[in-house]
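Chains as they are written, first to last, in this note's numbering: chain A, 1234 to 1526; chain B, 175 to 1171.
No lab work stands behind these hints, which were simulated from the structure alone. Treat each hint with caution, since some may be false.
[Stated by the list, open to error] Facing chain B, according to a computed beta carbon distance under 7 Å, are these residues of chain A, among others:
| no. | residue |
| --- | --- |
| 1 | Y1259 |
| 2 | G1297 |
| 3 | G1305 |
| 4 | F1351 |
| 5 | G1352 |
| 6 | D1354 |
| 7 | Q1356 |
| 8 | T1357 |
| 9 | R1358 |
| 10 | D1372 |
| 11 | R1399 |
| 12 | G1479 |
| 13 | H1481 |
| 14 | N1485 |
| 15 | T1490 |
[Stated by the list, open to error] Straight-line C-alpha distance at most 27 Å; calculated DSS-like pairs for lysine-lysine:
| no. | chain 1 | residue 1 | chain 2 | residue 2 |
| --- | --- | --- | --- | --- |
| 16 | B | K1164 | A | K1427 |
| 17 | A | K1315 | B | K177 |
| 18 | B | K285 | B | K177 |
| 19 | A | K1512 | B | K845 |
| 20 | B | K184 | B | K196 |
| 21 | A | K1427 | B | K1157 |
All C-beta atoms in this analysis are idealised placements derived from N, C-alpha and C, irrespective of residue type, glycine included.
Each chain, letter by letter, is given below.
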Amino acid sequence: MNGKERQVKTLVVTGFGINCDNETQYAFNRAGSSADRVHINQLIEDGRQGRGLKDYHVLAVDGGFSWADDHGAGVLLSLKLKSHLGAQIEEFIADGKLIIGICNGFQALVNMGLLPGFGGDYQTRSVALTANECGNFRDDWVRMIGDPASPCVFTRGIEEIDLPIRHGEGKFVAPAEVLDRLRSGGQVALRYAKPAYEADRRDDRPAPYVAAGGEYPHNPNGSLDDIAGICDETGRIFGLMPHPEGFHHLTNHPDWTRRQDMRRRKGLPLLDWEGGGMKIFHNAVDYVAENLL
Amino acid sequence: MAKRLEIALKPDLVDPEGEGLKSRAREYFGLILDRVRTINVLTIDAELSEEQFARARTEVFTNPVIQVSSYEPLAADFDYAIWVGLRPGVRDTLGSTAQEALEDFFGFRFKHGEAVYASRLYLLQAPTLARDEADLIARELLANEIIQQWRVMDRGEWDPAGGLGIVIPKVRLHHEPTVTEVAIGSDEELLRISDERSLALNPNDVPTIREYFLRPDVLAARAKVGLSKPTDVELEYISQGRSDHCNHNTFNGLFRYRDLATGEELVVDNLFKSCIQAPTLQLAGVKPWVASVLWDNAGVGRFDEDHYYTITGETHNSPSNMEAYGGSLTGIVGVYRDPMGTGLGSKIILGTYGFCVGPRDYDGPLKPHLHPRRLLDGIVQGVKDGGNKSGVPTGFGQVFFHPCYLGKCLVFVTALGLMPTKVQGRPSEKKTTSPGELIIMSGGRVGKDGIHGVTASSQVYSEHTPAGHVQIGDPYTQKKMHDFLMVARDEGLIEYITDNGGGGLSSSVGESARFSGGAEVDLDKVPLKYEGLDQWEIWVSESQERMTIAVRPENLERFMALSNLHGVESTVIGRYTDSGRLHLKYKGQTCAYVDLDLLTSDFPQWEFDAEWLPPQSRGLTEPVLSRPGDFRSLLLALMEQPNIASKEWITRQYDHEVQGGSVIKPLVGVKRDVPSDASVYTPVPGSLRGLAIAQAVNPTYAAVDAYHMVTASIDEALRRLLAVGGDPEHIGGVDNFCWPSVQYDPASNPDGKFKAAQLVRANWALKDACLAYGIPLLSGKDSMYVDGNLAGPFGERHRVSGLPTLQFTANSVIEDVTLCQTLEFKDPGDLVYVLGRTRDELGGSEYYDLLGYTGLNVPQTDMEENSRLYRAFAQACRAGLLASAKGLYRGGLGVALAMAAMGGGLGAFVDLDGLPSENGLSPERKLFSESTGRFLVTVRPADRDAFEAAFAGLPCGFLGRVRADETTLVKAGGEELIRVENKELRAAFKKPFGHLI
């Protein structure tokens, strides 16, 4: 096998109002993948000629306002993907490859039925992302906790992670039995979290984080069970509302000036300049390198 | 056959939009609604089979997890049903995306005339609500008659079987496009026709226009193409080209300036040339980073070896004043086309905003078209949708409340772009057209939008009359076009690109044709939204989301293929020539044939009398005030002032982080709720080079002297950049003037000469400050006529003029963003300093405003002394000597201390005796003076000597230390003046608007 074939290849979807394609491509490249931004129409055209999706290991349906969020966020994007690329995506999944949906992409995966994908059924819509309970679009940073028992490939080793949210329709809703099944299968990969208690800001041991219990703004949108991201049963399809590509560098974090200042004062080495969101991309690339190359 | 599809959330789910209406009805009008549910209505006017209708419902438009839907009425259990739909011709983006989805899903195109129309039904449960209260909710909270139609139905009026019925707001014009010749027998005749047709020709221009069309050589040339008298197409073109909006006649005017106090007189010929162009060219000559200024849609500066940034600022005041949402949305989406149309085209990377509106809680006797509260709601939402849906971070902004903006609000929008310095080896900042190249229009279609702007609003509406004058921007269509154009640019397919804004094709083609020396356009090729537009309307329509592009014939196929791939409509509408003329045809018939240089020929210069009276001569004095006894309450009251209080509710609605380059956010601090001095972005992923942006607006200083208003605002914008780590050697500026009319009229504008003098003084200040600080003006715009005539309590009308207002935007390039800094206190024990001198300067300040005064001593800016300080400041910042830094602006030192303490979750002990200040300055002046040129900084104890050495010989005073608890103590002359906790400061800071989040 030559070097080129050993490259982890990622396809980042663009077009129709998607708008996080550049930074998502950057994050995958930074994690060691070779990522291409491909317009959905180009992907459809390539598919007709037997190329396209099958040449990649990771499909990233990234964030934005596809079709202006009209008729439900991610609804028309999912319709487009399903009607033109449905079969290719099924094949992609069957090949054991990875799919990540971020924000608008998560909304699309849910509407396509790729998530939660119970029992390998990637057609049925059983969960939804709907208007934030606060009634508005919100840009803020949230802390999340991971589920160590989750099969999710993307969140391996993540106990806590800070990421920006930027959405108007991120409230995760599902019937009680669906929520139960998601929980019991470890499919709730990330939950919005809050500090267990009010810690002194100077305390070297900050308070541990626990699920937000619906508390705003820790849970920024009113998601049931504080759900920020879910995976399918295989852990290879993952969707989340927050933006990991929005934290590719430490300077993206709202606290970076204070954190580095504190390290300098204490004579400690500065924090790694790589952003905490990169962990998700590294996990994906590492998984492909270990399992699919 | 048309069918009406209704879609609603399942009844057990919270309906956030309904909840929002409930809370606004309560907050705005004290009306209690028990429950509000909303139903989305799609009226599908297309020939679909029953099966297709069924599939459209279940497979396209209904989410089975959360929604229910039906072609039968869903409404039940309500006291009032309010239906709101768009008027014919208003951009219906929901309807058009629904059509796009159906076409894609079924794999066929809708037939000509078929469409989907979106509307909404609100179901109110409120048993005690009176009919007129339901009407009030519809009129004041849900619909604006300019763009929307609505119906309020109580239970008795509701038809349970038929529901709403079928409403199809289709435009039907039944009009054959016609070119009309215009008689020009005399100046009077032409002026009369100008009035009749709302051409708004300036009377002084009329003789020049007539002279041209009567010239024998012109007549002979026109005869060859079948024309004699000027056509309406030609006169509309001239009217657009000569308008103040396009031609900046005021700034290019002649001002006879007289100082009535000294008797001094002088003539100022052309404010633009003398105060904007001259200093900018002078600075561009010594600042190699200035790449292209003063001619293109945006200014161009060098970002790094491989990239340029582009920047420009616009206002969209009058349309926002009429229809706040549509106006501001169109404003921000519109300004994004300027960098897209600069050089060979740039990617949009950042937007900012400035809103000046009347007091949100105004309850005085005047009746503005929209109450400031509703106006601001709409403006905030318009910029939200425009920015967020464009995928561009809305990274900085400001809101200024003042009753002078009841007459007309101001909506400033600024855009930054990024482009490679070279495109296929060609310099990207240059562009030109050449004979033989094709003229292509890309993006949206043309309707009656924006034709003759506001004059159209007086027309009587009929059921099928397009409400064209108010536009609803469509960021989705534009985002697709943007992405397409970036690819086309990188492939080298674009020779010239510009946007269609004011004046539409007449201006974009007219201006681009000057490079090649002519153009021929087939107006019948221009794609229309609906039939029946006259030729002149096609030519001057301001329909949005359109760019005009010059493409070489050999590149056409590839250009069109890319356009198609991106789902963007592009059409060849003509070609560039070197005939020297603009030649317009419709189905082969010439309808305009004018010399290209007509608009640049000798039209008479506008003239103004400007009379200045210094503030003392106008009777302004300092108020007679004794020293306050309760400084703590005074500080808390200032934190509550609307112009200081938290506007987090706006910032959080705006995506300020998309594109992944946010470094210093608009809100900072441990609780992320303190407004940053400036924002910083890294627009090139993987590079630590940053772009910083900040803005300032200080209209109340102009109540004393517009000169000092301008210097203070420029100084503030500059200091904001420096505070986060900006480089004083690379500061670009954008001047946005918003001024009341300066044309004197004894009855309607009796102080016009004074307003003209303020404009002259403001421009002098602009020139002085830019030269002193080395800030080339990369771009700028002027918007005159910030006046309104408001109804009063007795049927009388009041002219309300805005204060002379300059919004100054400044940007800087930062070599390494890891050296950037935030304003909050970092660590207990850090030393607190103030840099810069504090003077008795409270004129126009927040402190005086709180007590109901204007005062006289407006802040005056010593730019020479400040420049020395700023150089030292930038060095100290780069050397890492500053643990925190914040400029002192409105509210002075007191407010700055509060922000730094809240931001850090820490307190401070501060002794005002250490403040560098004028002798004998009273403590309230030390705390609340708004003198420019000052910073509040903190320094690590270990850096004390290095810091003090860095500012040796400069005004630098040690005030105290940062404290570990969240209490701030201020003392002066041995006496404790203030002891206040962050939670008290924060409560005051969030009191006016905190509940809006």
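Results of checking the hints against the structure:
no.	hint	result
1	Y1259	holds (4 Å)
2	G1297	holds (6 Å)
3	G1305	holds (6 Å)
4	F1351	violated (13 Å)
5	G1352	violated (17 Å)
6	D1354	violated (14 Å)
7	Q1356	violated (12 Å)
8	T1357	violated (9 Å)
9	R1358	holds (6 Å)
10	D1372	holds (5 Å)
11	R1399	holds (5 Å)
12	G1479	holds (5 Å)
13	H1481	holds (6 Å)
14	N1485	holds (6 Å)
15	T1490	holds (4 Å)
16	K1164(B) / K1427(A)	holds (23 Å)
17	K1315(A) / K177(B)	holds (26 Å)
18	K285(B) / K177(B)	holds (16 Å)
19	K1512(A) / K845(B)	holds (25 Å)
20	K184(B) / K196(B)	holds (19 Å)
21	K1427(A) / K1157(B)	holds (20 Å)
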